[in-house]
Amino acid sequence: MRELALSDDILMQIEKPARYIGLEINSIMKDITPDTLRFCMCFPDVYEIGMSHLGIQILYDMFNSFEDTYCERVYSPWPDLDKIMREKDIPLFALESQDPVKDFDFLGITLQYEMCYTNILQILDLAKIPIFSKDRTEDDPIVIGGGPCSYNPEPIAEFFDMFYIGEGETRYRELLDLYKEDKKNGVSRADFLHHAAKVPGIYVPSLYDVEYNEDGTIKRFFPLFDDIPATIRKEVEEDLSHTYYPTKPVIPFIKATQDRLTLEIMRGCTRGCRFCQAGQLYRPIRERDIEVLKKYAIELMDNTGHEEICLSSLSSSDYTGLYDLLGFLIDECTKRKVNISLPSLRIDSFSLDVMNKVQDVKKTSLTFAAEAGSQRLRNVINKGLTEEVILDGAKLAFEGGWNKVKFYFMLGLPTETNEDIEGIGELCNKVAAVYYETVPKSQRNGRVSITASTSFFIPKPFTAFQWSRMCSLEEFRDKAFTTRQGIIKTLNQKSIKYIWHDTDVSVLEGIFARGDRKVSKAIYKAYQKGSFFDAWNEFFIFQNWLDSFEECGIDYKFYIDRERDLAEILPWDFIDIGVTKNFLKKEYLKAQRGETTVNCKEKCQMCGASVYGSGKFCFYK
Amino acid sequence: MKLRIKFSKIGPLKFIGHLDILRYFQKAVKRADIDIKYTEGFSPHQIMSFAFPMGIGLEGLAEYFDIEANSYDSLEKMKEDLDAQMAYGMHIEDIILLPDDAENAMASVQAAGYVIRFKDTLPFDIDKAISDYNTKDEILFTKKTKKSEKTSDIKPFIYEICKATELPTGILDDIKDKGLTLSDDDLYVLVNASSSGNLNPKEAVKCLYELENAEYSENFNLLRTDLYTIEDDDFISLGAKR
Ligand code: SF4
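Residue numbers (my numbering), protein chains in the order written: chain B, 14 to 634; chain Y, 64 to 305.
Some chain Y residues judged to face chain B by a derived CB distance under 7 Å, without partners named:
no., residue
1, P75
2, K90
3, R94
4, Y101
5, F105
6, P107
7, G120
8, A150
9, Y151
Because the hints were derived from the structure by calculation, they are not lab data.
Where a beta carbon is used, it is the ideal one built from N, C-alpha and C, also for glycine.
Hey, can you work out the whole structure from these sequences and the hints?
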């Protein structure tokens, strides 16, 4: 029988021991032989968060479908267990076999958000794998990163042996085969990395070097060998209907943060919001065939017994077969007593009708991602949502019985003025007024409730705003204050609730998002000072970071408080996502002029993503 | 129709708490395609009620929950289907059809049996401790909670204390079947588990330590062997067929 890595005594002492024992329904048990390729997949955050993530499930399913490979999982041990593992010198272990992570061939770490960077170091440290790639030996696993943050891998480049840039479905088999072959031939770690650097989509940071200008900007980024590519092109799965899909996902015993099934209906987004990184990274738009989706939905429900299923994509309203698919799901799910949770659909009579069928109107709220308070600023960010559409949608919803509305806004967008910010209160006020005009007194179920929630804008690589200056802490706080003042001034202010979150963490996210290789020193330093779980308010210590930057001689403002020159070499320029820098430049300039760009569905803008086949709306010559 | 499902939980899954076991069974029942009854209303849920929650760390040979079903082919098939959905260390032991007017599992529970498997040698002689216990008419015991301390006679809440190896062979076989081994020091206690007088088995163990003037340590594994209802002074298992 497999033994647990942790003793009963330890498991009884810690919070939620179920995080560490594995054995979940649909988790995979395989026999391990000396030839088994062992891949440990890590989500560097706590179990409940990691288990909510579809990407990991896709890769877990894919790797385990390979006969010669056994893929297991590991998540960040919560600080209570972290402490015990260090005290008792217990090495980090994978959930399935409970074997030390260090014994694996590969450790794959998914990079979903910047604030998990210190947790990567925790994982390596607990696993007893040297933190820096250069210090690793033949006995250590190959540490490979992937996911959205790998599109600017430079701040964490020194901790990884390689990055997989793009969608995981396409090149892992090739990489594993290369590994097997090299291992059989006794090829050294260094040579394997060199070979791997020739596999499309694979970036091996140690084989590239950077030279800087005196002002700290990049002078030159170049490969150290002639036989590896100077730019790395992202990998794209061109046929979503015939690839891996986890229809038997692992079901955690404890409640995951997203406690439901996920049906990914498409990748990419037709809209070209200029602040949105995902919208560019996942171009071109590819849909999954509706019949395939119906089949997956049934299998998912049969194989899990889950109570809820959720459609996932960046803009589900644009999915061609949405009407059909939802009709099918409503029938099947009603029969099986499964709830459907809807992605943020555009509010119109169709979506309201669907929501009416699947949700309790009284309990749910409608969501508008307006992002900016004024039309002018919505044009700047190319958010194709007008006041008219919002007010019409709200009216329809109020007629349908809803009385809760949520708005999401961003503060600190390029060109923003106080008037734009005050527009937030004004828009909320108008929506409240629509309620009182639409719903007669006798039918009102109390006051209308409007929530305005703001986050701080963080410029991201591969967006039109990748050159933009990010606001400082003080500016952000002033803007939040102005927002609140603006709301208080309005007639219906009593119906409007304002929520905003603190700013420190946004600053750090801003630094990491557009950081270069120099930043890695500070990440290591902050980790040594005890920083980890930075995504968790209760563990985030901003002062640690300020001290670390200072001690490393890094002026962190260089990464945020600066409009970049269009000619500057950006740290992520060596990655090619299909969408060209030229296209982004045009978008940046159009934004300054307040000009909008129509979405892919109306007219292809020749962004460059058509270098990949299968873009649903792309213009192919 | 009302059905009672008897299951066991041995091994690492003892670290899954009660609420999670509940969610686990809700899903398992769906996967096994059992035609369970749902409540009415906007978000219907399965009609399912557990006899007695299992705290984290507790293993069980005979745990129960009741469901209401609309239909079924055969209980044997249902048992097989549901058992096929179990995670490692859990088994469906039996499914029993209850009379329509049967009391629900939770209300029926009045006593629970526990085997206490010590990890180290005991600091006292177990035979002596049991006989000391049996000769006393009254044992004053102080229960400490976060808020208060209460001293009272613990004996009325303990129905039986004996060595685990002296249990009837049926239970001993069950224990052995699950791969668990008993040593000569291991203990069995049958305690009050009713809503009014529920006694934590650990307190019964603590009481023996106090009786023998030994320093208490919680160095044992707890295994619940069965749950009982009391009728005319007889302890009747919740899994008894009637
Ligand atoms: S090539 Fe055209 S349609 Fe395709 S993603 Fe780019 S802009 Fe959209």
